[in-house]
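K.L.:
Sequence:
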Amino acid sequence: QVQLVESGGGLAQPGGSLRLSCAASGSIFTIYTMAWYRQAPGKHRELVATITSGGNTNYADSVKGRFTISRDNAKNTVYLQMNSLKPEDTAVYYCNADISVTGLTNYWGQGTQVTVSS
Numbered sequence: 014q015v016q017l018v019e020s021g022g023g024l025a026q027p028g029g030s031l032r033l034s035c036a037a038s039g040s041i042f043t044i045y046t047m048a049w050y051r052q053a054p055g056k057h058r059e060l061v062a063t064i065t066s067g068g069n070t071n072y073a074d075s076v077k078g079r080f081t082i083s084r085d086n087a088k089n090t091v092y093l094q095m096n097s098l099k100p101e102d103t104a105v106y107y108c109n110a111d112i113s114v115t116g117l118t119n120y121w122g123q124g125t126q127v128t129v130s131s
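Reading the sequence shown from the start, the letters are residues 14 to 131 in my numbering.
Worth flagging that the hints you see were computed from the coordinates, not collected in a lab.
One thing to keep in mind: the hints can contain errors.
With a cut-off of at most 20 Å between alpha-carbon atoms, the simulated EDC-like pairs for lysine to aspartate or glutamate come out as follows [unchecked claim]:
1. Lys77 with Asp111
2. Lys77 with Glu101
3. Lys99 with Asp74
4. Lys56 with Asp74
5. Lys56 with Glu101
6. Lys88 with Glu59
7. Lys77 with Glu59
Since this is a predicted model, take the numbers as computed values, not measurements.
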């Protein structure tokens, strides 16, 4: 049984910062690519950022230069540092990971709400 548990969401003012964390637990053999997605009300879920096991990163154009994805492989944890937040960043943020247990499976976290408002 593998679980992804996000934390760190909340309310921030425009221009402010938040840091999201997502810890994977369970009978994990290897974690490959980890990612953050987000879904705003009435919109499709969209990819925010990805990071490979080797540390290569990729970002959506809308967050480049403001968000930073990182990971601690020893802790099976991925982070999303969000700076210069905008109201349009308001969404539920989901952690995602490709994890090898007995085979390779894609897992989702339960989501954490981020609200950017004055």
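K.L.:
State for each hint whether it applies.
P.N.:
Structure-based check of each hint:
1. Between Lys77 and Asp111, the direct Cα distance comes to roughly 23 Å. Violation of the 20 Å bound is thereby established for this hinted pair.
2. With a C-alpha separation of about 14 Å, the suggested pairing of Lys77 with Glu101 holds against the 20 Å cut-off.
3. Simply put, Lys99 and Asp74 have alpha-carbon atoms about 14 Å apart, close enough for the 20 Å limit, and the pair holds.
4. Straight-line distance between C-alpha atoms of Lys56 and Asp74 comes to about 17 Å, which keeps the hinted pair within the 20 Å bound.
5. Among the hinted pairs, Lys56 with Glu101 is consistent with the structure: their alpha-carbon atoms are about 12 Å apart, no more than 20 Å.
6. Restraint check for Lys88 and Glu59: the C-alpha separation of about 26 Å exceeds 20 Å, so the hint is violated.
7. Taking the CA atoms of Lys77 and Glu59, the gap is near 14 Å; set against the 20 Å cutoff, the hint holds.
Comparing the model with each earlier hint shows violations of hints 1 and 6; every other hint is respected.
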